[in-house]
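2 protein chains.
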Amino acid sequence: MIAEIIAIGSELLTPFRQDTNSLFLTERLNELGVQVAFKGVVGDNRDHLVSVTRIALSRSDIVIFMGGLGPTEDDLTREAVAEAMRLPLKRNPDIVADLYARFAARRIKMTENNVKQADVITGAAVLKNNNGSAPGQWLEGEYEGKQKIVILLPGPPVELKPMFVEQCLDRLRVKVPQQFIATRVLKIALMPESECDARCAPIYKEHNAVQTTILAGAGDVQLHLKASADTMEEAQQLVDDLAEELEDELDDRVYSTKGESLEQIVGYYLQMRGATLAVAESCTGGLLSERITSVPGSSRYFLGGAIVYANDLKTSFSDVPPMLIAEHGAVSKEVALALAEGIRKRCNATLGVGVTGIAGPTGGTPEKPVGLVYIAVADGKKPEVVERKLPGDRDRIRFYASQQALDMVRRKMI
Amino acid sequence: MIAEIIAIGSELLTPFRQDTNSLFLTERLNELGVQVAFKGVVGDNRDHLVSVTRIALSRSDIVIFMGGLGPTEDDLTREAVAEAMRLPLKRNPDIVADLYARFAARRIKMTENNVKQADVITGAAVLKNNNGSAPGQWLEGEYEGKQKIVILLPGPPVELKPMFVEQCLDRLRVKVPQQFIATRVLKIALMPESECDARCAPIYKEHNAVQTTILAGAGDVQLHLKASADTMEEAQQLVDDLAEELEDELDDRVYSTKGESLEQIVGYYLQMRGATLAVAESCTGGLLSERITSVPGSSRYFLGGAIVYANDLKTSFSDVPPMLIAEHGAVSKEVALALAEGIRKRCNATLGVGVTGIAGPTGGTPEKPVGLVYIAVADGKKPEVVERKLPGDRDRIRFYASQQALDMVRRKMI
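Protein sequence lines correspond, in order, to chains A and B.
One point on numbering: in the numbering used here, the residue at position 71 of the first sequence is 375, and numbering is uninterrupted.
One point on numbering: in the numbering used here, the residue at position 187 of the second sequence is 491, and numbering is uninterrupted.
Incorrect hints may appear among the rest.
Some residues of chain B that are not near chain A, with every Cβ distance over 12 Å (derived) [unchecked claim]:
1) Arg406
2) Val462
3) Asp534
4) Asp683
Short, incomplete list of chain B residues facing chain A, as computed with Cβ under 7 Å [as the list claims (entries may be wrong)]:
5) Phe320
6) Val340
7) Gly344
8) Ser498
9) Leu591
10) Leu607
11) Gly608
12) Ala610
13) Gly696
It is worth saying that the hints were derived from the structure and are not from the lab.
On a predicted model such as this, the values are computed, not experimentally measured, just so you know.
Note that beta-carbon positions come from the ideal geometry of N, C-alpha and C, so glycine has one too.
This is chain A alone, in the form it adopts within the complex (with noise of 0.2 Å):
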């Protein structure tokens, strides 16, 4: 079976914006043995939205439209596919009636165009939206003599991914051939791309019946397995071996090996540590903190800390003598290693972490350039820094500087 994944909107059409959910159907499909043969993006534009239902509809089993749900005038995936099929609309009073109790919950009048969000192509099965007012659609039928699958799903990625992990797979499972496969994720922080191949592709290419592919974005690389077999269980050791000689080869590099973040890794091990965390962020801005908390249960382990921005603040949240400040810079492995641990102190934490640096694109000078950045993790024992000039802009300086404070926290704890 091969699905085909469209995108629905104008707004995709320009320079500013591009669909990123068919990377995570295309994965969802794929572990269900699904591959997809087609992609593509068209505008709100009914002909054309007609004519490329058809043509989707003809050269593909499952056909997966995002987008145009709304209720709006441009929104018109509704009609267009239920035009293409030859299958009439019919608006369903339930979609309506919750519609209008959406609306009143959020004391907001509804406007009359939202109803046609209750709309729904004869045939179809409704994919209650939980995040948003536009439902789903499933429908299994006939086009040109062949049985067919078809989902509407809404284009928001916060309404998209749970429809269709909740409603979707399962249907979307009894209808596919049994296959069986497994996957694992190696995660490395702050390694280049080409020493982490150079080390691993010796390995994995004497696993041929394991597929890897590795991806490489600011400070992490990533090693993807992929194996099927006739059962879970050899499908599972397939990928289990390649990882294992992987992890002996990167050894502690390896902050994850089942897909989980750095933070998330963090946030583990300090929980097993019974360890809290502090932080003093100047040129990060609060993104450290930021990718702390986005962990659901990240209070149990994060105190919270400071944005020292001002030097004043340096002093006033995380007692760094002016002095210190005023003899080696603000940006100095001194003034790192005296925010954290001043910061730990302050909030009677377990570990602290200071952050200085030039984030860019100004503030440079030939001593201390755009990317200069020192990072110290304190404990109250044995205090670490590190300095690291880094390549890249002002938001790759600061996700660099923010993945090589958590991963200095990683290997205090393990």
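Got chain A sorted already, so can you dock chain B onto it with the hints?
Just chain B now, with coordinates in the frame of chain A:
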């Protein structure tokens, strides 16, 4: 004239890789007045490629292919386009010579498969590749009785971009009718898309010459306006007139009229007023600070603040009386106000922001459910606080809360 962009390569149908070249090409095409009506991704499969090419030629005036021009068996773009257009391929001896020279210069023996890169569709002009081995092709030809422009470009951005800019733009410019295109983007925080559309549609429908697109994200709605005319002044006038009417309707809800982000606008206003800002974040956990400091130069108006996840940090960093927390709970109007005023005084800032809430997924109670957030702004005179019951998951709740905080600061500064 409408254009279609087709990315070729099975790796682009995996969960890990995405075409980004099309955003670049779209921007260049739009500048010439050419709209992109369809985008597609297809794998390294000859039948699929031929069929996709025929569909594209039947509906678009300009068809741009990216990728599949290399030396491997998977590289099928030349063959497929030639077959779809029923034009034979001819091996170009100059390219063959170039290929041999290229390999010789690098002291590498050229493998035989490389010569297929010298196969040119009959009638096509060769586009020299200064950054790789595979040349591109430019073809003007007839398909189903209509004139078409077909462009074959290599996939790697470092090869594609200069080839398109240096060898295709001028060729295209003389083929498309001269047009001038003006654009404007209005951004509105915290208004539901449906409300924005209901208020704006009657206005923009009166301006047929301007193409209006509404884009909605979490807590953010954007109105993209675009008009083309025979002179730039005329085009600009068209979008400016509509923008003015829309601004009148939406009044101070519009935070940006030239595409700036909310955090940029907040920065402009703070600088303009000579004001400074400090924040005390609980549930947003650093996100608000991170957004503010993502703007280069933000150290001119942003002093810093505190991440007060633990309750005793609310006291020690923002002077929230422990009694107040005991009486009203950490998530309360009173504590939000105390955080805002406390951090303002501590940092000696013009404005202080306090955010406290329940981002979830756990921690909610019947009285204080997940999504309940209080956001306060203190200016030493008339503090303000709002209560919001935000929908969605942890990420969305945190983003909304930061959006609300930024918009409140903006309104204080208008």
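Provide an ascending list of the numbers of those earlier hints which the structure does not satisfy.
none
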